[in-house]
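Student: Take a look at the letters that make up each chain.
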Amino acid sequence: MSDDAASGAADQATQPLADDETGWTASVRRRVEKTLPISELLPTKQPAYVGSFWVVLSGVVLAFFGSAWWHVSSIGHFFNSIHFWSVQMFFIFMVLHLWGQFWGAGWRDGRAKTWMVGVVIFTVSIGTAFTGYVIQQNFDSQWIAINAKDAINSTGVGGLFNALNFGQMYGLHVMLFPIGVTLLVVLHVIQVRAKGVVRPIDDPMQATP
Amino acid sequence: MKTSKVDKKTYYRGVAMVPYDLLKEVAFAMIGVLAFVLILSAVLSSPDVPSVTLQSWSKADPVDFLTTASGELSGSTVVASYGPPYNSGSGSVQSWGPLNLQQWAGVHIPINAPYDFVLEPLTQTTAGDATLASALTAYEGASGSQQQKWLANYTTGLSTATLAADGTVTVPSGDYGPVSVLMDRMLTLARSGGLDALLLTSDHFFQTDFSRPLLFLDDGGYIADLATQQKLDGDDWGVMNETGRYPGQAWLWLYTMWYQIPPFNSDTGFLGISAANTDLAVVGVMLLLTALLLLVPFIPGLRDIPRWIPIHKLIWRGHYAEMRRQAAAGDPKAP
Numbered sequence: 001m002s003d004d005a006a007s008g009a010a011d012q013a014t015q016p017l018a019d020d021e022t023g024w025t026a027s028v029r030r031r032v033e034k035t036l037p038i039s040e041l042l043p044t045k046q047p048a049y050v051g052s053f054w055v056v057l058s059g060v061v062l063a064f065f066g067s068a069w070w071h072v073s074s075i076g077h078f079f080n081s082i083h084f085w086s087v088q089m090f091f092i093f094m095v096l097h098l099w100g101q102f103w104g105a106g107w108r109d110g111r112a113k114t115w116m117v118g119v120v121i122f123t124v125s126i127g128t129a130f131t132g133y134v135i136q137q138n139f140d141s142q143w144i145a146i147n148a149k150d151a152i153n154s155t156g157v158g159g160l161f162n163a164l165n166f167g168q169m170y171g172l173h174v175m176l177f178p179i180g181v182t183l184l185v186v187l188h189v190i191q192v193r194a195k196g197v198v199r200p201i202d203d204p205m206q207a208t209p
Numbered sequence: 001m002k003t004s005k006v007d008k009k010t011y012y013r014g015v016a017m018v019p020y021d022l023l024k025e026v027a028f029a030m031i032g033v034l035a036f037v038l039i040l041s042a043v044l045s046s047p048d049v050p051s052v053t054l055q056s057w058s059k060a061d062p063v064d065f066l067t068t069a070s071g072e073l074s075g076s077t078v079v080a081s082y083g084p085p086y087n088s089g090s091g092s093v094q095s096w097g098p099l100n101l102q103q104w105a106g107v108h109i110p111i112n113a114p115y116d117f118v119l120e121p122l123t124q125t126t127a128g129d130a131t132l133a134s135a136l137t138a139y140e141g142a143s144g145s146q147q148q149k150w151l152a153n154y155t156t157g158l159s160t161a162t163l164a165a166d167g168t169v170t171v172p173s174g175d176y177g178p179v180s181v182l183m184d185r186m187l188t189l190a191r192s193g194g195l196d197a198l199l200l201t202s203d204h205f206f207q208t209d210f211s212r213p214l215l216f217l218d219d220g221g222y223i224a225d226l227a228t229q230q231k232l233d234g235d236d237w238g239v240m241n242e243t244g245r246y247p248g249q250a251w252l253w254l255y256t257m258w259y260q261i262p263p264f265n266s267d268t269g270f271l272g273i274s275a276a277n278t279d280l281a282v283v284g285v286m287l288l289l290t291a292l293l294l295l296v297p298f299i300p301g302l303r304d305i306p307r308w309i310p311i312h313k314l315i316w317r318g319h320y321a322e323m324r325r326q327a328a329a330g331d332p333k334a335p
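So the sequences go chain by chain: A and B.
Its first residue numbered 1, the first sequence is counted upward by one per residue in my numbering.
Its first residue numbered 1, the second sequence is counted upward by one per residue in my numbering.
Don't take each hint at face value.
[To be verified] Some chain B residues judged to face chain A by a derived CB distance under 10 angstroms, without partners named:
id: 1; residue: 30
id: 2; residue: 123
id: 3; residue: 227
id: 4; residue: 232
id: 5; residue: 248
id: 6; residue: 257
id: 7; residue: 261
id: 8; residue: 265
id: 9; residue: 283
Honestly, the hints are just simulated from the structure, not real lab data.
All residues carry an ideal CB built from backbone N, CA and C; glycine is no exception.
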């Protein structure tokens, strides 16, 4: 294949769909191409101005070997330590990001939904961490659970969300909450990439209305 | 495209663009974080203070265990009169004015303290123990007032009980009826580890719900004393602390802070908020604050704070320096 033919095929593959293409797939592809073309998802240029992976990976190892493994195995305890410190890093980075976005007013110029999804990620992450603390199967998890139950019960949801129920907390921690955080983070990144980062506040060269 | 939207070329007009390798930055950040986490894990490890069991409690502090067990039997413990979601009591029900979510939600995890914590476990262990069986029959056949009289006498006797080196608790003789046998068997059962298992028992083979043993533990003073030693009490900001010298849920600092200040920790209270309904009030305040954080982009004043306190001048210092340089060069609109 000649260089011209190869580039022609590549151009065709990356061209937007024709307007007369119909169907669900074409509709979704058209919307994705419009919202977030690959050039925006993975940019090579940015204006001149990003730890949760290890939490998930160490958590997968802990989940695989069972909830009691880390109490009886030195390797298990080490993986628990990785999980423990990864969570601390996760929250440190998230809070730094939150403050950075607040003081930069990152919600400007049509980015309010991005900010709101970020706040939801923060709250779901706190729920994820809480359920993790009450399933440690040690003194701390006992104490946190019996104290937290009063606050949860006072809101009327204690029968639905029972911190003393290890099985419920375990399922929420290793499955539902992480999936929720992951999906929301993917949405958040897509939002950021689709809009681009916000311009500086009171930019004297502000070009937009 | 809506007219209110602008393309990125227009949006970033006048902003200096630099090469940026997103994947390289992500890879470097992940490797850096992993190295840091591995060092922290290897050097500092992680906390794992063993859990308390009914067995360890009954061995370490048998008098406290017996006080709690007799309290459960008499229905005088916190959980016995807690209220929803455990039972129809009202001792721990929190409300604010007409707002009584806890009561409205109703009972969903039924706990009958005398039966679930004492009588049922003992009934399950009567095989081969005729003394226990007849004591249970005598207790359950007695009137409520007689039961309470025995229990009151026993509680008084416990206050002057002696504890031998081998852990034997000797209660001065008195009119305890069958209660002394019941409590003696409770202590024996707990020390054997059998009570830990019996409180988990339900209609199913597999057990994952620790509500009953944890609520029983919560009614005693032993676990609270251990928590005090670990500085995990509520007035020590315990909700966010971890055992030992490890960081806990530090992100709960704002939630925990409210418990340390009036009216949330006050007996007299303000606007219907006091120590009596502190949990409900704190959760309510935090929900309100979270809603405000969520809606910052739409709240005049709140959304203007970053403009008034110019920390952004630090965040984008390079950009503003470039603007000043271009302005000084007489070219403020230079691309």
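Student: Next item in the hint list is residue 30/B. Is there a CB on chain A closer than 10 angstroms to its CB?
Tutor: Since the shortest Cβ distance to chain A is 6 angstroms, the answer is holds.
Student: Was the hint right that residue 232/B lines chain A, CB cutoff 10 angstroms?
Tutor: Hint holds; residue 232/B Cβ to chain A Cβ min 6 angstroms, cut 10 angstroms.
Student: Holds or violated: is the Cβ of residue 265/B closer than 10 angstroms to a Cβ in chain A?
Tutor: 14 angstroms, violated
Student: Was the hint right that residue 227/B lines chain A, CB cutoff 10 angstroms?
Tutor: At about 5 angstroms, which falls below the 10 angstroms cut-off, the nearest Cβ of chain A leaves the hint on residue 227/B intact, so it holds.
Student: Tell me if residue 257/B is really an interface residue toward chain A, meaning its C-beta lies closer than 10 angstroms to one of theirs.
Tutor: 14 angstroms, violated
Student: Hint validation: residue 261/B versus chain A, beta carbon distance must be below 10 angstroms. Holds or violated?
Tutor: 16 angstroms, violated
Student: Hint validation: residue 283/B versus chain A, beta carbon distance must be below 10 angstroms. Holds or violated?
Tutor: Cβ of residue 283/B sits 5 angstroms from chain A, so the hint holds.
Student: Can the hint on residue 123/B be confirmed by a CB-to-CB distance to chain A that is less than 10 angstroms?
Tutor: It is violated, given that the least Cβ distance between residue 123/B and chain A is near 24 angstroms, above 10 angstroms.
Student: Hold the hint about residue 248/B up to the distance rule: shortest CB distance to chain A must be less than 10 angstroms.
Tutor: OK, holds: residue 248/B within 10 angstroms of chain A, min 8 angstroms.
Of the numbered hints stated above, those contradicted by the structure are hints 2, 6, 7, 8, listed in ascending order.
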